[in-house]
Structures are given as structure tokens and as C-alpha cells.
Amino acid sequence: MHTTNINSMILARLLKRIFAAGTALLILLSGCRRDSLHLTEPPAAQGTETPETGEQLLCDAIDAMTSIAEWTGYPGSQPAPETVPAGTGNTAADSVFVYGTVTSGGLGVVVTERHTHPKGLLLITVRRSYGTPGRIVSEVAKFDTYEGFRAGKPAQTTVTEICPASRDTIVTHVIRNGITESYTFRLPVVTRVENQVAGTVRITSRYAGAGGVVTEVTDENQSLIRRTTNSALPSGALCTRTDLPDGSWKIVTSLGNADGSVSRETVSGH
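Numbering of the sequence shown is given in this note's numbering, commencing with residue 1 and proceeding in unit increments.
The hints are simulated quantities; they were obtained by calculation from the structure and are not laboratory data.
Where a beta carbon is used, it is the ideal one built from N, C-alpha and C, also for glycine.
A couple of the hints might just be wrong.
[What the hints assert, rightly or not] Dumping the calculated DSSO-like pairs for lysine-lysine here, alpha-carbon to alpha-carbon at most 27 Å:
hint: 1; residue 1: 119; residue 2: 153
hint: 2; residue 1: 142; residue 2: 119
hint: 3; residue 1: 142; residue 2: 153
[What the hints assert, rightly or not] With beta-carbon atoms standing in for the labels, derived distance ranges:
hint: 4; residue 1: 118; residue 2: 153; range: 16 to 26 Å
hint: 5; residue 1: 135; residue 2: 114; range: 23 to 33 Å
hint: 6; residue 1: 114; residue 2: 50; range: 17 to 27 Å
hint: 7; residue 1: 120; residue 2: 270; range: 39 to 49 Å
hint: 8; residue 1: 153; residue 2: 179; range: 10 to 20 Å
hint: 9; residue 1: 199; residue 2: 260; range: 40 to 50 Å
hint: 10; residue 1: 244; residue 2: 177; range: 36 to 46 Å
hint: 11; residue 1: 226; residue 2: 153; range: 34 to 44 Å
hint: 12; residue 1: 246; residue 2: 177; range: 40 to 50 Å
Work the whole structure out from these sequences, hints included.
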């Protein structure tokens, strides 16, 4: 009987320890589960677009202005509200519309409207480009629904004002969703692109000069490929001069009009 009582006591203590360990394990597992649930909440926001840097906004605005000068389509294409499908979820082909308008102060504006579907999702980007001497303005509104586009309610807005203060110095003011940011670039803004298939390297440097922003493209040996100078006129017109290594040059002036048309003037020489 004494041995049985001792065994019973040992068994009771063992069960007690097992129960205590099991409870601790349960609490530990429950804690891990709570942590796991907490850690899985942030990825829901991963789909949001990373804000563009000051350098990106500067490059995008200048590249857009150069693209307007090189535009080979019909200048004055009307905006596309009437061509936008009424339903949602439509995956119409990507398209670009270029047309003119004016600001409340009478400055001519060239509008580039792009309807794209990155990853199958709708994105309508409306860029308004214009300026005055010493200032280039690029206003961008992005819409992610047709309803917002028709109502003029963008999901995101950005206004980039580029001021070539002096040679090698560009001051850029950015209004992003109502918040103002300022950037000063005292050194050229340089980007490098390598084409592994073609085996070529293109180095692009952007800096202030000649009253505008100079974009110089060279190869890996620093040989000039193209030099483009973007500036603006008192009317709001965009002026783009392109110089090539052979000494030839071309100046394209683009002005948006109130009737939706875009006036273009091209002068070239050698």
C-alpha cells in the first residue's frame, strides 16, 4: 500500500508537470498565432505605388517635353472621354491622345493623355505641360477608374515646376497631393542604361544651361549622341532644340490652343 501511494504521488506530480507544460505550450502557440496574424496585416498595403523621387519627377517632366517635340501623330487629337467604355473592368487597348488647352491665365498647354493597363489594371495619366521663360511646369493627374476620370477626381496628383536657376543648378518644386517639396540639383542628374543585347551604353546627363534644361546623351566613351535643350516661351509654348554630332540642329515649338489643337513650328539647319 505504501508503494502504491508513492507511485500515485509520483504519477500525480508527473501529470501535473505535463499539464503545466501543455498549458505553457498552448499559450506559446497561441502567442505565435497572434503574432502571425499581426504580421500578415502590412502586406495589404504593398500594392500602393512607391512615391517617385525628385530626380524621377525631373527626368519624367523633361522626357515628356522631349516626347512632345518628337510626336509624329496627329497634333490636336481630342481628349477621349467619349471613347471611354461605360462599364468597369474593360481592358481596352492602350492609347495616347495629344491635344491643347489653355490655363486660366491664357498660357498654352499641351496635354498628353495616356490610357494604359499595367498588370491588367486601368491607369489613365493626364499630363499638362507648359511654362514661361525660366520655368517649365508639368502637371500630372492619375486616375484608376473611369468614374473618377469622368468626374475629374484623380487618385493622385503631382505638379513639378522646374526652374533652371543657373548653369549646372536646377531648382525643382513639387506639389504632391497638396504637399510642397523642393529639390536643388547642383550637379547633373545622371542616368545610365546598358543594353546587354546590343552591347551599348547610354549615359544621360541633365543640367541647367541656355535658359533651360540641357539633356546630353553620350556613349561609354563620352562621345556625344544627342544634346537636347528644353525651355519655354512667354506664351506657354514648349521649345525643344536638338543638336547632333554632325552639327545639324532642329528646334520644335509646340503650343496648345483653346480649341483643342496644337500648333507646331519646326526650324532646322546645319
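Could you check the hint for me, namely that residue 135 and residue 114 are 23 to 33 Å apart, CB to CB? Between residue 135 and residue 114, where Cβ atoms are some 24 Å apart, the hint holds.
Given the hinted pair residue 119 and residue 153, is their alpha-carbon gap at most 27 Å? 22 Å, holds
Taking 16 to 26 Å as the hint, is the beta-carbon distance of residue 118 and residue 153 inside that range? 20 Å, holds
Outcome of range test on Cβ distance (residue 246, residue 177; 40 to 50 Å): Once the Cβ atoms are compared, 45 Å apart, the range 40 to 50 Å for residue 177 and residue 246 holds.
That 10 to 20 Å hint for residue 153 and residue 179 (C-beta), does it hold up? Roughly 18 Å apart at Cβ, these two residues keep to the hinted range, so it holds.
Starting from the hint 34 to 44 Å, judge whether the C-beta atoms of residue 226 and residue 153 obey it. 39 Å, holds
Confirm or reject the claim that residue 244 and residue 177 have a C-beta distance inside 36 to 46 Å. Cβ of residue 244 to Cβ of residue 177: about 40 Å, so the range 36 to 46 Å holds.
Is the hinted range of 17 to 27 Å satisfied by the C-beta distance from residue 114 to residue 50? Because 20 Å falls inside the window, the suggested range holds.
With respect to the beta-carbon atoms only, verify the hint that residue 199 and residue 260 lie 40 to 50 Å apart. Given about 44 Å between the Cβ atoms, the range holds.
Given the hinted pair residue 142 and residue 119, is their alpha-carbon gap at most 27 Å? 16 Å, holds
With the threshold set at 27 Å, check whether the alpha-carbon distance from residue 142 to residue 153 stays at or below it. 9 Å, holds
Please test the hint of 39 to 49 Å on the beta carbon pair from residue 120 and residue 270. Holds - the Cβ-Cβ distance for residue 120 and residue 270, about 48 Å, lies within 39 to 49 Å.
In terms of the numbered hints stated before, the structure departs from none.
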